[in-house]
Each structure stands twice: as structure tokens, then as C-alpha cells.
Amino acid sequence: MRRLLLSNDDGVHAPGLRALYDALLPYARLRVVAPDRDKSGASNSLTLSRPLSLSSLDNGFYSVDGTPADCVYLGVNGVWDERPDLVISGINHGGNLGDDVLYSGTVAAAMEGRTLGTAAIAMSLVGSRHFATAGRVAASLVGAADRLSLPPRSLLNVNVPDLPWEELRGFRVTRMGHRGPAARPLEVRDPRGRLRYWIAAAGENADDGPDTDFAAVEAGYVSITPLQTDLTRHAARDDVQDWLDALI
Numbered sequence: 001m002r003r004l005l006l007s008n009d010d011g012v013h014a015p016g017l018r019a020l021y022d023a024l025l026p027y028a029r030l031r032v033v034a035p036d037r038d039k040s041g042a043s044n045s046l047t048l049s050r051p052l053s054l055s056s057l058d059n060g061f062y063s064v065d066g067t068p069a070d071c072v073y074l075g076v077n078g079v080w081d082e083r084p085d086l087v088i089s090g091i092n093h094g095g096n097l098g099d100d101v102l103y104s105g106t107v108a109a110a111m112e113g114r115t116l117g118t119a120a121i122a123m124s125l126v127g128s129r130h131f132a133t134a135g136r137v138a139a140s141l142v143g144a145a146d147r148l149s150l151p152p153r154s155l156l157n158v159n160v161p162d163l164p165w166e167e168l169r170g171f172r173v174t175r176m177g178h179r180g181p182a183a184r185p186l187e188v189r190d191p192r193g194r195l196r197y198w199i200a201a202a203g204e205n206a207d208d209g210p211d212t213d214f215a216a217v218e219a220g221y222v223s224i225t226p227l228q229t230d231l232t233r234h235a236a237r238d239d240v241q242d243w244l245d246a247l248i
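In this text, residue positions in the sequence shown follow my numbering: the first is 1, and each later residue adds one.
Hints were generated in silico from the structure; no laboratory data involved. Treat the hints with caution; some may be incorrect.
[Unchecked claim] Per label pair, the in silico range of CB-to-CB distance:
1. GLU82 / TRP243: 45 to 51 Å
2. PRO164 / VAL240: 48 to 54 Å
3. ASN59 / LEU247: 55 to 61 Å
4. HIS234 / ARG189: 33 to 39 Å
5. ARG129 / TRP198: 24 to 30 Å
6. PRO26 / PRO191: 49 to 55 Å
7. ARG136 / ALA235: 35 to 41 Å
8. PRO191 / GLY220: 31 to 37 Å
9. ASP146 / ARG169: 21 to 27 Å
10. HIS13 / ALA246: 52 to 58 Å
11. LEU148 / ASP211: 31 to 37 Å
12. ASP238 / ASP146: 36 to 42 Å
This structure is a prediction, so every number in the text was calculated from the model and none was measured. Quick reminder that beta carbons are idealized off the backbone N, C-alpha and C, glycines included.
Required output: the full structure, derived from the provided sequences and hints.
Next up, the structure:
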């Protein structure tokens with residue numbers, strides 16, 4: 001039976017993680033390793049300043065006092081003798097669309113699995129109600145995963161509309177959309193009168209064309225975006241070389 005490692009960034013007690021586990025349990029052997037608290041926005045950070053604690057919970061899940069990437073690193077890279085066949089991160093409470101993937105701990109957990117040589121999927125629900133729908137989508141993808149061949153160091157970023165299963169319009173392969181600049185930070189005063197700042201909301205959609213993840217979810221489709229960990233802007237290499245040549 002297929003071996004799956006489940007993780008997330010909302011924390012080991014998050015309802016989305018439980019929904020993912022329940023949806024996949026009939027189809028695979030599951031191990032859950034997730035942060036002991038909410039680590040949303042942690043991106044790909046690893047904990048290097050101290051050792052990590054791995055704790056077994058009463059429900060069989062494991063919690064780590066670290067980041068989503070820490071959890072997948074421990075789950076894939078040597079804590080257990082058996083390596084997973086697939087890493088699935090989620091189900092995130094809220095979408096990871098467009099530029100969100102740069103900050104997302106959900107996507108980072110999947111990316112860590114892919115970096116360590118394991119196929120990976122990041123699952124997000126664009127809302128907070130229909131986790132069962134996203135779980136059913138995850139089960140559909142896992143059932144067909146053997147027939148998917150991705151280039152090395154790539155993963156799937158899946159965003160599910162917050163709808164009942166029967167109301168989904170289907171699946172679309174998409175590209176990342178892009179957001180405009182984020183709002184200014186929100187200034188607040190602490191009880192001692194010191195100025196503090198809350199990170200504000202993400203920017204409005206700046207590129208939400210018909211082939212983007214934004215457009216697919218808005219139209220009621222599950223968005224599936226192949227992502228790569230190679231951030232090189234290959235099309236710009238010649239321009240940069242010409243710029244450097246002109247400096248010499």
C-alpha cells in the first residue's frame with residue numbers, strides 16, 4: 001500500500017489536517033508530522049538555532065516544535081526507516097493563490113518533500129467550510145498519482161473552491177496569478193504605549209487572467225498549478241550577460 005506523509009502549516013490540531021487524514025486513510029498508510037502550533041507564513045524556513053522536539057500524540061499524529069519544512073525534513077529524511085512515496089501538505093485553511101506561494105508554509109512543506117526526492121502536493125481550501133470537498137479532491141489525486149510524471153524538483157499546488165463536492169465545475173491546470181503591492185502595515189500601540197506593526201492584507205489581484213489560479217477558483221474549478229523549485233529567470237540570463245559585458 002502507498003505510504004504518505006501528511007503535514008501542514010496550520011498546526012497539528014487543525015481541522016483541515018484531520019479532514020485530509022480521514023479522506024486518505026482508506027487508500028494509503030499514513031504518517032502525520034505537523035507543527036505544534038500555527039506556522040502560517042513560515043515559508044521554507046528551517047530551524048537551525050536549536051534541536052527539534054518530535055512528540056507523539058494520543059491520536060497517532062506527531063508534532064514538532066518547528067516549521068512545516070522542519071516537519072517534512074524529519075518525516076522524510078531519517079527519523080523512520082521507511083521513506084514516504086508521496087508528501088501531501090494541507091488542507092490549508094484559506095487559499096494559496098498567486099504570489100501567496102512565496103510565503104506559504106503549506107507550499108513549503110510540499111516543496112521540502114520534493115527537494116528531498118519525494119513527489120509532493122500542496123492542498124488548500126479557498127475558505128473554511130467544505131474541508132470534506134478538499135479531502136475528496138485529495139483522494140482523487142492520490143488515486144491517480146502513479147500515472148503522473150513530473151519533472152524533477154516540481155510539485156502540484158492545488159486550490160479547492162469552498163463549495164460542496166456536487167457544485168465543483170471540474171479541474172483546471174493553471175498558472176500562478178500575481179498580486180499588486182500589499183497594503184501598508186497596521187500601526188498599533190501596546191499597553192505601554194510602544195508602537196507595533198501588524199502585517200496587513202495581501203495586495204489585490206493584478207494578474208488574474210483566464211488561465212490563472214485566481215480565475216479558476218472564482219469560476220468554481222479546482223486549480224492545479226505545477227510549481228518548480230528552480231527560481232532562475234532563464235529568459236533574462238542573456239540580458240544580464242549583455243549588461244555585465246557592457247560594464248567591462
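Consistency of the hints with the structure:
no.: 1; hint: GLU82 / TRP243: 45 to 51 Å; verdict: holds (50 Å)
no.: 2; hint: PRO164 / VAL240: 48 to 54 Å; verdict: holds (49 Å)
no.: 3; hint: ASN59 / LEU247: 55 to 61 Å; verdict: holds (60 Å)
no.: 4; hint: HIS234 / ARG189: 33 to 39 Å; verdict: violated (48 Å)
no.: 5; hint: ARG129 / TRP198: 24 to 30 Å; verdict: holds (26 Å)
no.: 6; hint: PRO26 / PRO191: 49 to 55 Å; verdict: holds (51 Å)
no.: 7; hint: ARG136 / ALA235: 35 to 41 Å; verdict: holds (38 Å)
no.: 8; hint: PRO191 / GLY220: 31 to 37 Å; verdict: violated (46 Å)
no.: 9; hint: ASP146 / ARG169: 21 to 27 Å; verdict: holds (26 Å)
no.: 10; hint: HIS13 / ALA246: 52 to 58 Å; verdict: holds (57 Å)
no.: 11; hint: LEU148 / ASP211: 31 to 37 Å; verdict: violated (20 Å)
no.: 12; hint: ASP238 / ASP146: 36 to 42 Å; verdict: holds (39 Å)
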